[in-house]
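**Student:** As a plain string of letters, each chain reads:
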Amino acid sequence: MQWLVDIFSTNSSIFDVLFKLFAVVISVLYLIYALIILRQSRLMLRAIDENEGGVIRFVSFLQILLAIFLIVLSFGII
Amino acid sequence: MEDLSVPSQSLLHSFCVRPTAKFDSQMENEEILLIVRAHPVTQVPWILNGIFILILLLFVNIFASALFSFQQLFIFNVGMGAFVFAYYWFNFLAYFFNVGIITSHRVIDMDYHAVIYKEISEARISKVEDITAKSGGYLSSLFNFGNVFVQTAGSELNIEFANVPRPSDVVKIINSAIP
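Listed in order, the protein sequences are those of chains A and B.
Start counting the first sequence at 1; every next residue gets the next number (the working numbering).
Start counting the second sequence at 1001; every next residue gets the next number (the working numbering).
Certain hints may be false.
To be verified - Anything over 12 angstroms on all C-beta distances counts as not near chain A; from chain B, calculated:
(1) V1006
(2) Q1043
(3) L1054
Claimed, not checked - Example chain B residues on the side facing chain A (calculated, C-beta under 7 angstroms, incomplete):
(4) K1022
(5) I1075
(6) Y1095
(7) F1097
(8) I1116
(9) E1119
(10) S1168
(11) V1171
Said to hold, decoys possible - To be clear about the criterion: a stretch of chain A counts as covered by chain B if any three or more of its residues have a C-beta under 8 angstroms from a C-beta of chain B, and this derived list gives those stretches:
(12) 23-29
(13) 60-73
Derived by calculation from the structure, the hints in this document are not laboratory data.
We put the beta carbon where it would ideally sit given N, CA and C, even for glycine.
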């Protein structure tokens, strides 16, 4: 286990940059996914509406807020 | 014995008799008699998968705390939380919008494969020739769910409702709608 810790600590700056890059890319992909799900849930509610539309739209929108929070958080990593 | 002509909702909205719902291709004088979804117990595997990922995340945190800084660990946890949330929401949408609709005019099977692929099959109720309810296995016997096959005459599609609750009641409702 220690050897793994050593690898990361000796190249900490490179590792931090890679981690940040990875986090940003994943967060942006998550935002795209959340937008598709929001759009699709609206289309599905148009196909069948059972009075739960408000909740479904809200949760889909919540996912977008979460994605934006993730992106902001990813940029904030040192 | 429940009266199937009175509006009711049971089993987490998986068996809705005469609901106040609308669908896009609904005609003016068309009344919805029944909306069915898969039985909630058939959704247990993905709920357990999500819980398993969260438990796994706890163990990963124990080992990862030596490798990552607090900030990195925090974003990793938020990211994994978002992933589990997305997983749950995706499966819920797939469950909620895969419905079978029985109206006074038609039998409709609305399927969304992987949420983004839509497939709607419908048959006029007057063309229905044969309805079969099948259920087998311990779980389906215990929770009373099964498959309902609606066979139609001519070139119209045959329709299948998979893992729906109370299959015999579904057959009864379709039969009562046939003129």
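**Student:** Each hint should be assessed against the structure and marked as holding or not.
**Tutor:** Right, here's what the structure says about each hint:
1. V1006: Given that every Cβ of chain A is farther than 12 angstroms from that of V1006 (chain B), nearest at about 18 angstroms, it holds.
2. Q1043: holds (16 angstroms)
3. L1054: holds (16 angstroms)
4. K1022: The hint holds - K1022 (chain B) has a Cβ within 7 angstroms of chain A, the shortest such distance being about 5 angstroms.
5. I1075: holds (5 angstroms)
6. Y1095: At 12 angstroms from the nearest chain A Cβ, Y1095 (chain B) fails the 7 angstroms test, so the hint is violated.
7. F1097: F1097 (chain B) check passes; min Cβ-Cβ to chain A is 5 angstroms, inside 7 angstroms.
8. I1116: holds (6 angstroms)
9. E1119: violated (11 angstroms)
10. S1168: It is violated, given that the least Cβ distance between S1168 (chain B) and chain A is near 24 angstroms, above 7 angstroms.
11. V1171: violated (22 angstroms)
12. 23-29: With 3 residues closer than 8 angstroms to chain B, the stretch 23-29 of chain A meets the three-residue bar; holds.
13. 60-73: holds (count 7)
In the structure shown, a violation is registered for the earlier hints numbered 6, 9, 10 and 11, in ascending order.
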